[in-house]
Amino acid sequence: MISNASVEATNTQSSDEWVVIAGETKTISFTITNHATRQDIFEMSVQSSGGMLWVVEQPTRPNAVINSGASTAFTIQVIAPNNAQAGDSGPSITPIITSTRSGMTFMGLEFNELEVEAIDDIVLRLIDSPTKLTPGVANKITIEIENDGNGPTQAVIDLPNLPETWQWWVRVADQNHTGPIDLSASYDLQDIKVVEIWILISMTESAGILHSIEITASLFADGIDINPLDNIIEINAITASHRQPQITNYSSQGSAMAGSTASANLTIQNIGNAVDNQISVRAIISSSPPAPGIISFFSVGANGGALPVGEWSVITLKGGEETTLNVDMILPEGVSLNTRIIVRFEVIGGLDSELFPYELDYDAMIIVDSRRSMTAVSSPISNESNVYGVAVPLWINVTSTSTMSENYIISSKVPEGWQVVCLGILMNESGYPVNTVAGHIDAQEKYVSCDIHRLSGVLEGQVEIIVSSQDGTLTWQDKQSIHFQEQIDGSFALSTELMVAGGLAILVFIALIAVLIKKRSVEVDEVEIEDEEKIVIQISSGPPISQANGPPATQQLASPTPLISHTDQPSNAPTGPPQNKVTVKQEEIQAVEQISAGPPLPESGLPVGWSMEQWNHYGQQYLDGNL
Numbered sequence: 001m002i003s004n005a006s007v008e009a010t011n012t013q014s015s016d017e018w019v020v021i022a023g024e025t026k027t028i029s030f031t032i033t034n035h036a037t038r039q040d041i042f043e044m045s046v047q048s049s050g051g052m053l054w055v056v057e058q059p060t061r062p063n064a065v066i067n068s069g070a071s072t073a074f075t076i077q078v079i080a081p082n083n084a085q086a087g088d089s090g091p092s093i094t095p096i097i098t099s100t101r102s103g104m105t106f107m108g109l110e111f112n113e114l115e116v117e118a119i120d121d122i123v124l125r126l127i128d129s130p131t132k133l134t135p136g137v138a139n140k141i142t143i144e145i146e147n148d149g150n151g152p153t154q155a156v157i158d159l160p161n162l163p164e165t166w167q168w169w170v171r172v173a174d175q176n177h178t179g180p181i182d183l184s185a186s187y188d189l190q191d192i193k194v195v196e197i198w199i200l201i202s203m204t205e206s207a208g209i210l211h212s213i214e215i216t217a218s219l220f221a222d223g224i225d226i227n228p229l230d231n232i233i234e235i236n237a238i239t240a241s242h243r244q245p246q247i248t249n250y251s252s253q254g255s256a257m258a259g260s261t262a263s264a265n266l267t268i269q270n271i272g273n274a275v276d277n278q279i280s281v282r283a284i285i286s287s288s289p290p291a292p293g294i295i296s297f298f299s300v301g302a303n304g305g306a307l308p309v310g311e312w313s314v315i316t317l318k319g320g321e322e323t324t325l326n327v328d329m330i331l332p333e334g335v336s337l338n339t340r341i342i343v344r345f346e347v348i349g350g351l352d353s354e355l356f357p358y359e360l361d362y363d364a365m366i367i368v369d370s371r372r373s374m375t376a377v378s379s380p381i382s383n384e385s386n387v388y389g390v391a392v393p394l395w396i397n398v399t400s401t402s403t404m405s406e407n408y409i410i411s412s413k414v415p416e417g418w419q420v421v422c423l424g425i426l427m428n429e430s431g432y433p434v435n436t437v438a439g440h441i442d443a444q445e446k447y448v449s450c451d452i453h454r455l456s457g458v459l460e461g462q463v464e465i466i467v468s469s470q471d472g473t474l475t476w477q478d479k480q481s482i483h484f485q486e487q488i489d490g491s492f493a494l495s496t497e498l499m500v501a502g503g504l505a506i507l508v509f510i511a512l513i514a515v516l517i518k519k520r521s522v523e524v525d526e527v528e529i530e531d532e533e534k535i536v537i538q539i540s541s542g543p544p545i546s547q548a549n550g551p552p553a554t555q556q557l558a559s560p561t562p563l564i565s566h567t568d569q570p571s572n573a574p575t576g577p578p579q580n581k582v583t584v585k586q587e588e589i590q591a592v593e594q595i596s597a598g599p600p601l602p603e604s605g606l607p608v609g610w611s612m613e614q615w616n617h618y619g620q621q622y623l624d625g626n627l
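For the record, in the sequence shown the residue sitting at position 312 is 312 according to the working numbering, with numbers rising by one throughout.
Take these hints with a grain of salt, some might be off.
Straight-line Cα separation of at most 30 Å, DSSO-like style, residue types lysine-lysine; simulated pairs [what the hints assert, rightly or not]:
#1 Lys193 / Lys132
#2 Lys140 / Lys318
#3 Lys446 / Lys413
#4 Lys318 / Lys132
#5 Lys446 / Lys479
#6 Lys193 / Lys140
#7 Lys479 / Lys413
Quick list of the computed label-pair ranges, beta carbon to beta carbon [unchecked claim]:
#8 Phe220 / Pro62: 49 to 57 Å
#9 Asp352 / Ser251: 24 to 32 Å
#10 Ser92 / Phe220: 30 to 38 Å
#11 Pro602 / Val390: 24 to 32 Å
Please keep in mind that the hints were generated in silico from the structure rather than gathered at the bench.
Beta carbons are placed, not taken as given, at the ideal position from N, Cα and C, and that holds for glycine.
Make a model of the complete structure from these sequences and hints.
Have a look at this one:
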């Protein structure tokens, strides 16, 4: 007999039926069809390959008797291993039938559609958690997360009921972590990870309050955890009393000027939730090189009283309260440039987890990099009486060692009727200017020569010389007394200088008259001098008089006596005994005036601010360029 038959998987089964859960048993059906013209009997079996640890059972039904053109079915059982992983493929199964009458064997197509279904199961376990949560510091909770599913997955950690004022973050493998946590399948050995959850609670939380903290883990991708009850951990803890000082801000000058002020400050805060009345603070001031003479003040808060520098002082801070430690210094004028001043703040207070106090410190450095310094000295004036009408010399030496250019003003205060003339310039209310460049490397010296004139007023008085910077920061002053002698003749107040100058002028005038007499005849009747022929003899001598503008002026003799006179009386008046009279022409008189009255005026006339008396006395110096 010749058999003709076929075997294949039953096509009525859906493809969804071939997804297998780990450890699940799956039934597969095969259909046998007899294509021969007569009845036949078939034995059934299957052959499998692949799918390690999968179990494929042979058919258990008896041999099938199938008429011509008829069909029948048989089934087998396939068991997936318990540790099958998501996506694993099942074994390839080939159905086989053998005719018992002809001995012929027929094999069907290979069946390999079995696949393991993914299972998601995340498990959270608590490893360690504190019973007290300390405000102001990070509190650590340690958990373990495991992937009990049969494939890799991603889990997300959350703390859903944490107060909004609290902060928290996650660390995995000693690194901060954000986003989902990757978990492998068990066979890759990365299915379990230890996670640290750090919680920073608000400093406003009162001590002794019980808090319940919930920690959850969920699948990052779409999926359903087969056991959601093990995805939640709940812990209970109370807020502890905490006291901890912390530096929150600081500031100081980077540089300072010698002779000025400098300051540094430090802001500290009690970041705990309880009052700390045992916070010790101290400020220590040092300098390199040593700078004696620094005056320092240490205070706490905006309106705090002065505390001793270099000694410990105890202050109190409430939870969350802050205050400022202030150091103010007055630097001496003589502190060296590039001196480094170190202000060290030290703070001790609170208790850490090991019950040791917190120790904080901060160093502020201030460099003295600028200076404004000026010294001055004036020549001493003799205590003896000074000759009347003679100027008293006084010189002033100004030395600047500032690190910048300086503009100084030399001013004076003298009795009324006295004047101070420096380098030929009358010192008025504006003073005498002296300018210097920076002198911190090479001291800048300026010498100013002055004369003190007494025109009128008291014979004895005090002269005050003041040297000050233009902004008034630097000032020096000196006071000296001067005594002038009284004039020799009260009716004719000529000083020695005035007498010498006047005598010379008279001698020149007499010599000129003698020459003119020899050239002119003597007229006995009378000397006719026209109204315009006037003799004005001025003796240009005496000390300068004060003028707001122009150089020092000369003083005119109070009652000059003309050497040539004429009468202006009526013709019938008695004229006395006859006398010889001399006739002098106007040209000759002008020559005499020219000699006694000073140099000729420039074409532009008197300089601006000058008087004629000043020109008579100082005109020649002006023309020579000495003023």
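Taking the hints in turn, this is what the structure says about them:
1. Lys193 / Lys132: holds, 25 Å
2. Lys140 / Lys318: holds, 25 Å
3. Lys446 / Lys413: holds, 21 Å
4. Lys318 / Lys132: holds, 20 Å
5. Lys446 / Lys479: holds, 20 Å
6. Lys193 / Lys140: Given that 30 Å is the threshold and the Cα spacing comes to 16 Å, the pair holds.
7. Lys479 / Lys413: Within the cut-off at roughly 9 Å; holds.
8. Phe220 / Pro62: 49 to 57 Å: holds, 53 Å
9. Asp352 / Ser251: 24 to 32 Å: About 27 Å separates the Cβ atoms of Asp352 and Ser251, which means 24 to 32 Å holds.
10. Ser92 / Phe220: 30 to 38 Å: holds, 35 Å
11. Pro602 / Val390: 24 to 32 Å: Since the Cβ atoms of Pro602 and Val390 sit about 31 Å apart, the hinted range of 24 to 32 Å holds.
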